[in-house]
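Taking the hints into account, I'd like the entire structure generated from these sequences.
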Amino acid sequence: MGGAKMARPFRETLKTKDFIVTAEAGPGKGSNTEKLVEHVELLKDRVDGLNVTDNQSAVMRYPSLGTCLLIKEHGGEPILQITCRDRNRLAIQADLLFAYSRGINNVLCLTGDAIDTGDHKEAKPVFDLDSVQLIHLVHTLNSGKDMVGNELDGGVDFCIGASATPSADPIEPQLLKFQKKLDAGMDFIQTQAVYDMDELKRFMENFHKMDNIDGVKILAGIVPIWGAKMARYMNENVPGIYVPQYLIDEIDQAPKGTKAAKGIEMAGRLIRQIKEEKICDGVHIMAIGREERVPAILEAAGI
Amino acid sequence: MIIAERKPLEEIRNMLAGYKRILVVGCGTCVTICWAGGEKEVGILSSQLRLASSKDGNELSVMEAVVERQCEKEMVLEELGDKVQEVEAILSMGCGAGVQTMAELFEEKPIFPALNTTFIGMPEKEGLWLEMCGACGDCFLDRTGGICPVVRCAKGLLNGPCGGTRKGGKCEIDPEKDCAWVLIYRRLEKQGRLALMRKYYEPKNYRVVKRPGKIEALEA
Ligand code: SF4
Ligand code: SF4
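Note that the protein sequences, when read in sequence, are chains A and B. Each residue of the first sequence is one higher than the last, beginning at 1413 in our numbering. Each residue of the second sequence is one higher than the last, beginning at 105 in our numbering.
Just so you know, the hints here were simulated from the structure itself, not pulled from any lab data. One should not assume that every hint holds.
[Unchecked claim] A short list of chain B residues far from chain A (calculated; beta carbon distances all over 12 Å):
#1 Arg110
#2 Ala121
#3 Ala169
#4 Lys177
#5 Asp186
#6 Glu192
#7 Glu208
#8 Leu234
#9 Leu245
#10 Cys257
#11 Leu298
[What the hints assert, rightly or not] To give an idea of the interface, some chain B residues facing chain A are shown, with a C-beta separation under 8 Å as derived from the structure:
#12 Gly225
#13 Leu261
#14 Gly272
Even for Gly, the Cβ is constructed at its ideal location relative to N, Cα and C.
Structure representation (structure tokens):
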């Protein structure tokens, strides 16, 4: 564990690699980290960064910070997701200092799904900050000061990411917010799940017309689908995800027992197209509990 | 105005268990308009309490009163006068401020809330009230076309919509509810003021609503 080889810093990868691949690691509910470690071992050398969800969908789980430490200990490159839902500005800053002191140097700044989508529906939502304010906050810490201007004894230097939603309808308010993120200064953006390549292309056209985009890398979000039921469920219940009908039909028509292979093939096909047509700079694969299938998806994509 | 809802009868009866003489006090202002604690509702609740008690074989004497504004000490004293002396407990049908005004004035009597005070809002149509303001102490409406993002956005976001906005501009938490930021976008677009949505807004100053809130006029 201590002797694991050092992963390449994600910031360096962003600067030098043609096609970037990250994968999501979703911690489970409970202190048993066996499966998590298995996924980390399986993926850490296949992807450029492992991105850990923070109480995803407002469901209480093993923490993002703890999982990032595990990844670090196993020689992977962690990306810490921080949402504004569960912590106020003091807690967020403290967590960031801790993360950096333990070699976690990448942070993905998110608003966070609403409490109502999760399993602790009576909890008090925090949202002391929003995602744009969170990005500004990380920059402030990077400059050696805390949010109120006090000097830090030992600074930080985070590589900063955020999300964007190409499938939003209407898209204009989302783009205005996206512009504010770019104005704040971004290293990378990962999109919510995309399925429709025309939509992604339109989003990239919009992106190229925006300000402050120099050096910002865009990773397209890939959420593989494993069945028509799951796709329909996501359409109805998962904020920001919209699977088009033709893809639902395609997985639906695959004979029983071949759905997993079909899902892998479909996800691989999307990634291959993004890469070959150079639509954006890379992908972020969110396999949601099926991390063991990510290597096969990468093979199907020719990576 | 302040919007409130009446608590369930069972909960109110549990609070009053053991008392034989009570005074039910309504308020003639906000809670009258939102059908929660005006003269009519005082009458209904009082009869329900009498009926339920006599069914259980208990005798409960219920007096009724309505103060024009329960959150004003003078008005409460003027209206209730000596009535309070005759009862063991008071059931307030005012908002939380009304309940506490009476609790201050009549320190020796237990006072119970019959309402749940829910928000500051407006009547949208007959029988429907919507939340409009969270009394955040630092009004933001100049930047949002007069639509409050603090309470009308489910997450209180200040810099634009979250990624969960549903198709057609509905809120992540409720497909029936409009996303406040889509409404703000449309309003500002109509007014040719979209530049306001491009500007970055700093984290909110929660110090201005340091609890408990207190405002002193310069010349009292
Ligand atoms: S911003 Fe909203 S909550 Fe704050 S004072 Fe204005 S209307 Fe009320
Ligand atoms: S969908 Fe709109 S109103 Fe609902 S939480 Fe997100 S930004 Fe706020």
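query: Is it the case that Ala169(B) keeps its Cβ farther than 12 Å from each residue Cβ in chain A?
result: Given a closest Cβ separation of 36 Å, the condition holds.
query: Just checking, Glu192(B) versus chain A, shortest CB gap more than 12 Å?
result: Check passes; 34 Å lies beyond 12 Å.
task: Please confirm whether Leu234(B) is truly not at the interface, meaning its C-beta sits more than 12 Å away from all C-beta atoms of chain A.
output: holds (18 Å)
Interface-negative label, Leu298(B) against chain A, beta-carbon threshold 12 Å: violated (7 Å)
message: Does Asp186(B) clear chain A by more than 12 Å, comparing its Cβ with all Cβ atoms of that chain?
response: holds (43 Å)
field: Restraint check, 8 Å cut-off on beta carbons, for Leu261(B) near chain A
entry: holds (4 Å)
- prompt: Beyond 12 Å from every Cβ of chain A: is that where the Cβ of Glu208(B) lies?
  reply: Per Cβ check, Glu208(B) is outside 12 Å of chain A; nearest 28 Å; holds.
message: Please check whether the beta-carbon of Leu245(B) is more than 12 Å away from every beta-carbon in chain A.
response: holds (17 Å)
field: Interface hint for Gly272(B), Cβ within 8 Å of any Cβ on chain A
entry: holds (6 Å)
message: Over 12 Å from every CB of chain A: does Lys177(B) meet that, or does the non-interface label fail?
response: Given a closest Cβ separation of 33 Å, the condition holds.
field: Interface hint for Gly225(B), Cβ within 8 Å of any Cβ on chain A
entry: violated (19 Å)
message: So Ala121(B) supposedly isn't at the interface. Is its beta-carbon more than 12 Å from every beta-carbon in chain A?
response: holds (26 Å)
In summary, the numbered hints that this structure violates are 10, 11 and 12.
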